[in-house]
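Chains as they are written, first to last, in numbering that gives the first Met the number 0: chain E, 0 to 515; chain P, 0 to 515.
Calculated from the structure, these hints are not laboratory results.
This structure is a prediction, so every number in the text was calculated from the model and none was measured.
Misleading hints may appear alongside valid ones.
As the list claims (entries may be wrong) - Okay, derived cross-link-like pairs now, PhoX-like style, lysine-lysine, Cα gap no bigger than 20 Å in a straight line:
#1 K3(P) <-> K15(P)
#2 K216(E) <-> K110(E)
#3 K34(P) <-> K58(P)
#4 K425(E) <-> K193(P)
#5 K425(P) <-> K58(E)
#6 K193(P) <-> K110(P)
2 protein chains.
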Amino acid sequence: MMIKGVNFIGSTPSHKSDNFLQAVNPENGTSLPEKFFIANEEEVRLAVNKAAEAFQAYKHVSGSDKARFLDAIADEVMALGDELIERAGQESGLPAGRLEGERGRTVNQIKMFADLLREGSWVDARIDTEQSDIRTMSYPLGPVVVFGASNFPFAFSTAGGDTASALAAGCPVVVKSHESHPGTNELVARAILKAAEATGMPDGVFSSLNGGPDVGKALVSHPQTCAVGFTGSYGAGTSIFQLANQREVPIPVYSEMGSINPVFLLEQKLKSEAEELASQYAGSVTLGAGQFCTKPGLIIGIEGDGLDRFTRSLSTALQEVDPACMLNEGIASTYLKKRKELLSQHGVETVWISDSTGGNLGHPTLARVSSTDFLSNRTLSEEVFGPFTLIVSCKDSDELEKVARSLQGQLTLTFMATDEELADSKSLISICREKAGRVIFNGVPTGVAVCAAMQHGGPFPATTDSKFTSVGSTAIRRFIRPIAFQSFPQTLLPEELRDGNPLGIMRLINGEYTRE
Amino acid sequence: MMIKGVNFIGSTPSHKSDNFLQAVNPENGTSLPEKFFIANEEEVRLAVNKAAEAFQAYKHVSGSDKARFLDAIADEVMALGDELIERAGQESGLPAGRLEGERGRTVNQIKMFADLLREGSWVDARIDTEQSDIRTMSYPLGPVVVFGASNFPFAFSTAGGDTASALAAGCPVVVKSHESHPGTNELVARAILKAAEATGMPDGVFSSLNGGPDVGKALVSHPQTCAVGFTGSYGAGTSIFQLANQREVPIPVYSEMGSINPVFLLEQKLKSEAEELASQYAGSVTLGAGQFCTKPGLIIGIEGDGLDRFTRSLSTALQEVDPACMLNEGIASTYLKKRKELLSQHGVETVWISDSTGGNLGHPTLARVSSTDFLSNRTLSEEVFGPFTLIVSCKDSDELEKVARSLQGQLTLTFMATDEELADSKSLISICREKAGRVIFNGVPTGVAVCAAMQHGGPFPATTDSKFTSVGSTAIRRFIRPIAFQSFPQTLLPEELRDGNPLGIMRLINGEYTRE
Numbered sequence: 000m001m002i003k004g005v006n007f008i009g010s011t012p013s014h015k016s017d018n019f020l021q022a023v024n025p026e027n028g029t030s031l032p033e034k035f036f037i038a039n040e041e042e043v044r045l046a047v048n049k050a051a052e053a054f055q056a057y058k059h060v061s062g063s064d065k066a067r068f069l070d071a072i073a074d075e076v077m078a079l080g081d082e083l084i085e086r087a088g089q090e091s092g093l094p095a096g097r098l099e100g101e102r103g104r105t106v107n108q109i110k111m112f113a114d115l116l117r118e119g120s121w122v123d124a125r126i127d128t129e130q131s132d133i134r135t136m137s138y139p140l141g142p143v144v145v146f147g148a149s150n151f152p153f154a155f156s157t158a159g160g161d162t163a164s165a166l167a168a169g170c171p172v173v174v175k176s177h178e179s180h181p182g183t184n185e186l187v188a189r190a191i192l193k194a195a196e197a198t199g200m201p202d203g204v205f206s207s208l209n210g211g212p213d214v215g216k217a218l219v220s221h222p223q224t225c226a227v228g229f230t231g232s233y234g235a236g237t238s239i240f241q242l243a244n245q246r247e248v249p250i251p252v253y254s255e256m257g258s259i260n261p262v263f264l265l266e267q268k269l270k271s272e273a274e275e276l277a278s279q280y281a282g283s284v285t286l287g288a289g290q291f292c293t294k295p296g297l298i299i300g301i302e303g304d305g306l307d308r309f310t311r312s313l314s315t316a317l318q319e320v321d322p323a324c325m326l327n328e329g330i331a332s333t334y335l336k337k338r339k340e341l342l343s344q345h346g347v348e349t350v351w352i353s354d355s356t357g358g359n360l361g362h363p364t365l366a367r368v369s370s371t372d373f374l375s376n377r378t379l380s381e382e383v384f385g386p387f388t389l390i391v392s393c394k395d396s397d398e399l400e401k402v403a404r405s406l407q408g409q410l411t412l413t414f415m416a417t418d419e420e421l422a423d424s425k426s427l428i429s430i431c432r433e434k435a436g437r438v439i440f441n442g443v444p445t446g447v448a449v450c451a452a453m454q455h456g457g458p459f460p461a462t463t464d465s466k467f468t469s470v471g472s473t474a475i476r477r478f479i480r481p482i483a484f485q486s487f488p489q490t491l492l493p494e495e496l497r498d499g500n501p502l503g504i505m506r507l508i509n510g511e512y513t514r515e
Numbered sequence: 000m001m002i003k004g005v006n007f008i009g010s011t012p013s014h015k016s017d018n019f020l021q022a023v024n025p026e027n028g029t030s031l032p033e034k035f036f037i038a039n040e041e042e043v044r045l046a047v048n049k050a051a052e053a054f055q056a057y058k059h060v061s062g063s064d065k066a067r068f069l070d071a072i073a074d075e076v077m078a079l080g081d082e083l084i085e086r087a088g089q090e091s092g093l094p095a096g097r098l099e100g101e102r103g104r105t106v107n108q109i110k111m112f113a114d115l116l117r118e119g120s121w122v123d124a125r126i127d128t129e130q131s132d133i134r135t136m137s138y139p140l141g142p143v144v145v146f147g148a149s150n151f152p153f154a155f156s157t158a159g160g161d162t163a164s165a166l167a168a169g170c171p172v173v174v175k176s177h178e179s180h181p182g183t184n185e186l187v188a189r190a191i192l193k194a195a196e197a198t199g200m201p202d203g204v205f206s207s208l209n210g211g212p213d214v215g216k217a218l219v220s221h222p223q224t225c226a227v228g229f230t231g232s233y234g235a236g237t238s239i240f241q242l243a244n245q246r247e248v249p250i251p252v253y254s255e256m257g258s259i260n261p262v263f264l265l266e267q268k269l270k271s272e273a274e275e276l277a278s279q280y281a282g283s284v285t286l287g288a289g290q291f292c293t294k295p296g297l298i299i300g301i302e303g304d305g306l307d308r309f310t311r312s313l314s315t316a317l318q319e320v321d322p323a324c325m326l327n328e329g330i331a332s333t334y335l336k337k338r339k340e341l342l343s344q345h346g347v348e349t350v351w352i353s354d355s356t357g358g359n360l361g362h363p364t365l366a367r368v369s370s371t372d373f374l375s376n377r378t379l380s381e382e383v384f385g386p387f388t389l390i391v392s393c394k395d396s397d398e399l400e401k402v403a404r405s406l407q408g409q410l411t412l413t414f415m416a417t418d419e420e421l422a423d424s425k426s427l428i429s430i431c432r433e434k435a436g437r438v439i440f441n442g443v444p445t446g447v448a449v450c451a452a453m454q455h456g457g458p459f460p461a462t463t464d465s466k467f468t469s470v471g472s473t474a475i476r477r478f479i480r481p482i483a484f485q486s487f488p489q490t491l492l493p494e495e496l497r498d499g500n501p502l503g504i505m506r507l508i509n510g511e512y513t514r515e
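So here's chain E without its partners, still in its complex pose:
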């Protein structure tokens, strides 16, 4: 498929400005040939207006028709075949195997939302008839702006979880492509538009614009924009959040801003399995060149032989991992800068570093610091995006709990422990419960299952709203609100709320959950 470099206002290709950006292959630093025209203010306005117009039709589309649309998107994305994998590889430096896996995850996620719509109970129908006749269900908010993410060109970008959940909810989507992979975005955007056309969705249900922060700002500020999904840095995520709150009508922003995903290595576990844990964690720290929001960036244990053996083994294992190309030049240079800053902090010992530079390779790096130094220096709690992790050695379990208490909000927290140790760690678990969205026992935080129980969202600064998740089927809840109908005639009620429950969904009726 020829890449055109245009924006899409609904199905209409648009190119109203001559400003353009180009993708750069991070493996060799060369620009890819295509020009991607940056959306100007008019195109932003037109895209959101068209989304608002499409919403007037799309909000009435049935669950089963939305499901057909989503399934068609999944099929069209797969139909792009190797061209998509190749383009995404050129724009992200990610290997084909990883991209194929991510594509599989992405289409499965889309299909999961299609299944959710067909099942139908997600609308949270509640009916009370004892005082007055009140019937409530969820409705879409309106046009949603989605920001493509650098680190997941498929799963958190054009047809990723934000887009899929918003479209499932009944919200049109305007995507701002990530500057690093505009070609990948265009291919996927065209697949979505093809699916929309084939399944008879209103034009404007999906639009795609190219550009940087200015385009993002304009999209968030547009009065018809009703919600925002974002995955990326703390700086960008919080600035979008603040901008949205300062609008005349504030709107919800779901920014997922990463975290350091602390891992607690407890003593007995360390004693018996230091080497195995090191090998497991070397894989998790370096997965995707350490560019996962769930990368374990902080490993906390009690000083002693076990932790020393773990440190040595992890260092050895990291040395054996081939450095991988990072997503783009900016991320690679920020990695070097943040790593340098962190390694220069008081008390930080560099356990393993490779000084070799060149390309945009992310060299695995390991450092260690005492809990005393860690607790007195907030910089050491900051994320280093890349294959870096910091071991914190604590004098004793009191100190370990102090470190736990000092933590900011996280996406995940992990305990590596024996069953007995975990049972003895109620106080630590209790502290940690307040710090994270997902708590893991004897596993690695990388690998985020797409399912109904997944919680990918934690207390600030991990995300801007810890009540929601950006992965899994409940991600749809970000883009809906309840509407109650009081004393409405049956024929004017949506099917979900009618007597007799024609859709057979689970409902809460006068206090009873029932499919009757």
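Mind docking chain P on chain E? Use the hints.
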């Protein structure tokens, strides 16, 4: 019970500043004798710190024990007997009958949350075991600050819906009493503290502070405060929202800021029932001196004989309603000021006004304006808090839809129509659905049933977060977030997530809703 005028840091009476406020009886303008000491910065700090400490224990209290606590609160509030009704009457000017009704609603709401906890399914347990073992349920956020509301000294104040839902969620509460009814607050606060002690709840699970906006600001800014419940004016509600978003760690603010609750009178209905509708609406407009957040402040119809008859009848009916004392002098004078401002706008015809002043009486007032003038002047969409309503006469149904489209977010929207008319109004309903949290057919918006299906919260500026409600059992969702446990041993999982479902709650397991 002797009113002491103190703050309560948990169960400890506190009086660290000599600054005080006094309640004023709005019926005669005289100050009530008791001094209420205003919390100073230290007391704010101590109260929230104690709440945070209590949270460490309270978060582990079982649902059935929290239910016992809530039931005890309901009992202790009732045990205050007539003294509570009398004090609230002196501080609010509200008649005893209304206050008794409000007290009944308040204790029923508390008991509803107790029932919700005993039933247990509210935790939204989700279990997936097909990819990895992930089990998720809701957990409390932490200390919640609740602002007492002037217009509901019981139902939206000390032991009102915010407090009851936060305590049910597992969050300690710090209440800032409303300056108008600090004595009522103290009586209810002591009832809550007595219930907490009797049921063995941790000290600090509830605190009560007196003061104005400075105390509120300090409470919202305290780093351990995790969420805020507020019912009141747009100005106060949005300033709390902005303050909370600008914290180092932003927190959710649920401000319910009222609305004008537009009512659409359709032609056939008007034609046949103009007089009955007028009588019904005279009651709704003047209920509680028009000081309900669901008061119908805007009535929209198509010009003609029906609307004229309705206008005349409503005017007559309003003249027959005795003016009632407003909640306080500030509210009474703001009513006069806003009413005057609105009546002086271009094209506004005063249909009925009583110029008599004196006391803090709220005289019912009726005005009328053409849709053309209404659409060109945003001031006419602003809430006049008190027994005032504005009729908008439209040339035709297109104009009526234009008015619908111009509306800001509302708590409620109402259609008075025949079944046939409503069936013919799909386009109007579709517009209105985006504007409100609750849509009513042939009823009045005042009267908010406390039940699972109630949605008392609408698009901004009605509330700061339309995804939630402040009335009904789902109000608990404001104060919780999901936490996922991955690969946890059975014995360390909360009962709600264990195999075998010992609590027998409804759960979503691998895509199936089940109590197994």
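Violations among the numbered hints, reported as their numbers in ascending order: When the structure is compared with the hints, numbers 2, 3 and 4 turn out to be violated.
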